[in-house]
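Sequences are here, hints too, so could you generate the full structure?
Each chain, letter by letter, is given below.
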Amino acid sequence: MPVLFFLIQKEFLQIFRNRIMLPLLLIMPVFQTVLLSFAANYEIKNLAIAVTDHDRSATSRALIRKFTASGYFRLAALPPDAKTAEAELASDRADLLLEIPPQMERDFVREKHAAIRITANAINAVKGGMAIGYAGNIVRDFNQELLADPASAAPAAIEVAYTNWYNPRLDYKTFMVPGILGLIVSMIICFLTALNIVREREIGTMEQMNVTPVRKWTFILGKLIPFWLLSLVMMAIGLTVGRLLFDIPMEGSLGLVFLYTLFFTPCMLGLGFLISNFSDTQQQGMFTAWFFLVICILMSGLFTPLESMPDWAQWMNLLNPIRYFVEFMRLVLLKGAVFEDIQQNFFSVLAYAVSVNALAVATYQKRVS
Amino acid sequence: MFFFIRKEFLHILRDRRTLMILFGMPVAQVLLFGFVLNNEIKDAPIAVFDPAGDETSVALTNKLAASGYFHIETRLRDAGAIEPEFRKGHIKMALVFPPDFGRALAHEGRATVQLIGDAGDPNTASALINYAQAIIADYQMAYNQRTGAPVGLTAGTRMQYNPEQKAVFNFVPGVMTMILMLIAAMMTSITLAREKELGTMEVLLVSPLRPIQILLGKTIPYLFLSMINAVVVVLLGIFVFGMPMRGSVALLTAECFLYMFVSLALGIFISTRAKDQMTAMFFSALGLLMPTMLLSGFIFPRESMPWVLQKIGMAIPATWFNPIIKGIMIKGVGLEVLATQTIVLGGMAVFLLALSLKNFKDRLQ
Amino acid sequence: MSPIIARDLTKTFGAFKAVDRLNLEVRQGEIFGFLGANGAGKTTALRMLTGLLTPSAGAAEVAGIDVFRHPNRVKQRIGYMSQKFSLYEDLTVRENIRLYGGIYGLKPAVIRSKTERILQELELTDHQHTLARALPLGWKQKLAFSTAMLHDPAIVFLDEPTSGVDPLTRRQFWELIYAAAARGVTLMVTTHYMEEAEYCMRVSIMAEGRIVALDTPGRLKARFNAQTMDETFRKIAEWGLRSGDMGD
Numbered sequence: 001m002p003v004l005f006f007l008i009q010k011e012f013l014q015i016f017r018n019r020i021m022l023p024l025l026l027i028m029p030v031f032q033t034v035l036l037s038f039a040a041n042y043e044i045k046n047l048a049i050a051v052t053d054h055d056r057s058a059t060s061r062a063l064i065r066k067f068t069a070s071g072y073f074r075l076a077a078l079p080p081d082a083k084t085a086e087a088e089l090a091s092d093r094a095d096l097l098l099e100i101p102p103q104m105e106r107d108f109v110r111e112k113h114a115a116i117r118i119t120a121n122a123i124n125a126v127k128g129g130m131a132i133g134y135a136g137n138i139v140r141d142f143n144q145e146l147l148a149d150p151a152s153a154a155p156a157a158i159e160v161a162y163t164n165w166y167n168p169r170l171d172y173k174t175f176m177v178p179g180i181l182g183l184i185v186s187m188i189i190c191f192l193t194a195l196n197i198v199r200e201r202e203i204g205t206m207e208q209m210n211v212t213p214v215r216k217w218t219f220i221l222g223k224l225i226p227f228w229l230l231s232l233v234m235m236a237i238g239l240t241v242g243r244l245l246f247d248i249p250m251e252g253s254l255g256l257v258f259l260y261t262l263f264f265t266p267c268m269l270g271l272g273f274l275i276s277n278f279s280d281t282q283q284q285g286m287f288t289a290w291f292f293l294v295i296c297i298l299m300s301g302l303f304t305p306l307e308s309m310p311d312w313a314q315w316m317n318l319l320n321p322i323r324y325f326v327e328f329m330r331l332v333l334l335k336g337a338v339f340e341d342i343q344q345n346f347f348s349v350l351a352y353a354v355s356v357n358a359l360a361v362a363t364y365q366k367r368v369s
Numbered sequence: 370m371f372f373f374i375r376k377e378f379l380h381i382l383r384d385r386r387t388l389m390i391l392f393g394m395p396v397a398q399v400l401l402f403g404f405v406l407n408n409e410i411k412d413a414p415i416a417v418f419d420p421a422g423d424e425t426s427v428a429l430t431n432k433l434a435a436s437g438y439f440h441i442e443t444r445l446r447d448a449g450a451i452e453p454e455f456r457k458g459h460i461k462m463a464l465v466f467p468p469d470f471g472r473a474l475a476h477e478g479r480a481t482v483q484l485i486g487d488a489g490d491p492n493t494a495s496a497l498i499n500y501a502q503a504i505i506a507d508y509q510m511a512y513n514q515r516t517g518a519p520v521g522l523t524a525g526t527r528m529q530y531n532p533e534q535k536a537v538f539n540f541v542p543g544v545m546t547m548i549l550m551l552i553a554a555m556m557t558s559i560t561l562a563r564e565k566e567l568g569t570m571e572v573l574l575v576s577p578l579r580p581i582q583i584l585l586g587k588t589i590p591y592l593f594l595s596m597i598n599a600v601v602v603v604l605l606g607i608f609v610f611g612m613p614m615r616g617s618v619a620l621l622t623a624e625c626f627l628y629m630f631v632s633l634a635l636g637i638f639i640s641t642r643a644k645d646q647m648t649a650m651f652f653s654a655l656g657l658l659m660p661t662m663l664l665s666g667f668i669f670p671r672e673s674m675p676w677v678l679q680k681i682g683m684a685i686p687a688t689w690f691n692p693i694i695k696g697i698m699i700k701g702v703g704l705e706v707l708a709t710q711t712i713v714l715g716g717m718a719v720f721l722l723a724l725s726l727k728n729f730k731d732r733l734q
Numbered sequence: 735m736s737p738i739i740a741r742d743l744t745k746t747f748g749a750f751k752a753v754d755r756l757n758l759e760v761r762q763g764e765i766f767g768f769l770g771a772n773g774a775g776k777t778t779a780l781r782m783l784t785g786l787l788t789p790s791a792g793a794a795e796v797a798g799i800d801v802f803r804h805p806n807r808v809k810q811r812i813g814y815m816s817q818k819f820s821l822y823e824d825l826t827v828r829e830n831i832r833l834y835g836g837i838y839g840l841k842p843a844v845i846r847s848k849t850e851r852i853l854q855e856l857e858l859t860d861h862q863h864t865l866a867r868a869l870p871l872g873w874k875q876k877l878a879f880s881t882a883m884l885h886d887p888a889i890v891f892l893d894e895p896t897s898g899v900d901p902l903t904r905r906q907f908w909e910l911i912y913a914a915a916a917r918g919v920t921l922m923v924t925t926h927y928m929e930e931a932e933y934c935m936r937v938s939i940m941a942e943g944r945i946v947a948l949d950t951p952g953r954l955k956a957r958f959n960a961q962t963m964d965e966t967f968r969k970i971a972e973w974g975l976r977s978g979d980m981g982d
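Chains as they are written, first to last, in the working numbering: chain R, 1 to 369; chain H, 370 to 734; chain E, 735 to 982.
Honestly, the hints are just simulated from the structure, not real lab data. Among the hints, erroneous ones may be present.
A few chain R residues that don't get close to chain E, going by computed Cβ distances all over 12 Å [claimed, not checked]:
{"id": "1", "residue": "Arg-17"}
{"id": "2", "residue": "Lys-83"}
{"id": "3", "residue": "Val-109"}
{"id": "4", "residue": "Asn-137"}
{"id": "5", "residue": "Gln-144"}
{"id": "6", "residue": "Tyr-162"}
{"id": "7", "residue": "Gly-204"}
{"id": "8", "residue": "Thr-240"}
{"id": "9", "residue": "Asp-247"}
{"id": "10", "residue": "Thr-281"}
Across the chosen pairs, the derived CB separations fall in these ranges [as the list claims (entries may be wrong)]:
{"id": "11", "chain 1": "H", "residue 1": "Val-427", "chain 2": "R", "residue 2": "Val-34", "range": "44 to 50 Å"}
{"id": "12", "chain 1": "R", "residue 1": "Leu-229", "chain 2": "H", "residue 2": "Val-601", "range": "41 to 47 Å"}
{"id": "13", "chain 1": "E", "residue 1": "Lys-841", "chain 2": "R", "residue 2": "Gln-365", "range": "30 to 36 Å"}
Positions of the beta carbon are idealized from the N, C-alpha and C atoms, including for glycine.
Following this line, the structure appears as structure tokens:
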């Protein structure tokens, strides 16, 4: 349909001349991915520990040394009593408190039993839990060493050998970048599509279009297709940056990634289109799009695990396209999932794309008549 | 000037849509995010491969399952089935026993159990392995106690400030901080930009009002409305999410006031630089939202960030307010601990206001 | 067969009647002025005639086609110039012409030759690669008109085509309109500048959704004993005439 061709040509001309849109499309993905990837790190290391050592024996000092040598903890303070120690915790100068009771060494040698106290700042519960976990491990190891007396019977030990698959270095970027890429592409496409359509309405050219023989279908396709194509370009740029800068794994088939993107983008296009039908001005469009996108982003499973969300939230998430994209990117890029593995995700996305676009078209018809 | 402020108020109250956004959105978002943002580990699906299935391995598996952290998703027949389960995203960890586990432990005094984590999500993997190790260590200690072997050194642990380990304690303050700032800053920047666009700003400038009066006059209504917002959000935090309120209410109110002031000042600043509404919105939404979400410590701990990003984070007001809220509400501390943060926020407010005033005056010339 | 016919055209928005039983017949080659104060219903009526809005009641025929049954067929035959000039600000002069040419299905060769002709006529050849937003208002206006005429429509609707333009440019613009009418094009122009009414062959005045007067400017001035159309309009407004009291 040559008319469609003219419309698409016009869109591309406008996009490339748009001072805001062009940088957004090309630079933003790179910028955000880089920023986000460096910031997005839950790794718990370099924890500050404050030690109150009432015992001051060779054993207690050895224990403290073991903590600081572990690489997880650094010694932040040596408060003389519990109250001062609490203050360290309260002012965030320490994440963990270690209290060694008086006579610890003596109790250990005589009764083969002594207890120390560990207190963690649990406001960030996972961080606190991990800190206590690491501390517990250190204490246990220390204990094993102390008890390893060839003369007496050694207690039974269960050794735990653990390995981490898919990301042996536990590199956070490996985990985040694929998801972030999916997120950024989705976000930008939705935003720009909504704004683009609203802008024509706001400045009056849409009315002009309505008087021409251009069919509504053709007009809308003319608005969506350029962004559809651009989403693939953005994905390519993003993957390249991801590979070069972050060395993200690409276990799965890149062809599958692009194929999925091809079918996924209509979800965001449709969403943008839908939002545009309820906005009279670009400002409103931006606000609405921002509102929905922030919710989708925070619920996408990128920042906090999907399984930890309450049930009703997981139901809501079925309507969150970004959640599907993030899951897909991780499964394919990190674990080399094949089509069979992600087919449920894929078909959900297809259903979503069809529904949201149908809804958008229906609300568009209503609006224009 | 009082009439000026009143006009602003009426203006706002008449704009239904804006009102909805101003009050409805924060409530909706706080509720949503408070419930949704959760990194607690609970019922993580795991697979167990236990070919022998002896008493010890079964007891250990049950202990893990009973902890609440783990949920036995599948019991595998062969080791080769582990990989597909990971690939499909069905399990987060695999527990692998050797065939002679119980026997080895009883007769040789040592046995090895293998944990395989899905480090696609390194955080969860580390946490799961950590928890599993702790549970196994507990089991080992109980086992040894039964056989009469020495216990040695033990550690009593305590989770301070948040004994129930609720995730909301970590996220809700951050959500509150973020949303309060965004609303205040966005609203202010748009208002001022709109005024400029419509040309009514010029009318004001020609009037006998001094620039500082105009600025303050425009923002005081928003300060007031934002305080209402802040109160609502804090109450939500307490009554819906069970956040404690251990510190001084007066201090919290004062700090909120300060924070709102900073946010508004930020909004004013953005509007003095933006040409029109669109740009103002753009900058406040993307320019504020992203950095606040990422760099303020709201979701990702700041200690883990590269040095550069930590430094940039210090320029964001939210970074300083987060510890204040957590300090007052959860830890129950006062100004003696929070002095630094308060002073920084105060400084930011003054700085932004002065800068905006300068920009404003420059425009007049 | 009259190119534009409206029969009892009505549009209500909720309780508000924007257009109330409009009856109108514009003759071929006529320059018809559709006047009225802001809010009188002119734009609504125009939008119904161009197929942009569905009426609540009544019918309209443009170029012999029922507008509401076959809006798309009508669109191929008409030209439209909107209040906001309907050019894409971030496309160049040339690109704008090409776009509209393509939309109306003109062949590339035809588009090219027409583009050259328009550029010459409007003296825009040196500025063919200038973005539309950089053009002075008068040139934009003329370009918008030429674009509306690109596919040689027999009927053209112009909605406030001269708003914001200085009187000299306005006169120049009307020359273009005259030239088109001389070629046999039927033009329907809405405006709230009463002086422009003088340029039309016949005018209608709308008030509160109804036509309260319809005749040539000369006859209307005579009837109301006014020197100018402006005076005529004020007198009509003062006397609060209703449709059916005067005119066709």
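Taking the hints in turn, this is what the structure says about them:
1. Arg-17: With a cut-off of 12 Å, Arg-17(R) comes too close to chain E, as the shortest Cβ separation is near 5 Å.
2. Lys-83: Label holds. Min Cβ-Cβ 68 Å, cutoff 12 Å.
3. Val-109: Holds: least Cβ distance 84 Å, greater than 12 Å.
4. Asn-137: holds (62 Å)
5. Gln-144: About 72 Å separates Gln-144(R) from the closest Cβ of chain E, which puts it past 12 Å; holds.
6. Tyr-162: holds (58 Å)
7. Gly-204: violated (4 Å)
8. Thr-240: With a cut-off of 12 Å, Thr-240(R) remains clear of chain E, as the shortest Cβ separation is near 29 Å.
9. Asp-247: holds (40 Å)
10. Thr-281: holds (14 Å)
11. Val-427(H) / Val-34(R): 44 to 50 Å: With Cβ atoms ~49 Å apart, the hint holds.
12. Leu-229(R) / Val-601(H): 41 to 47 Å: holds (45 Å)
13. Lys-841(E) / Gln-365(R): 30 to 36 Å: Holds: the Cβ-Cβ distance is about 32 Å, inside 30 to 36 Å.
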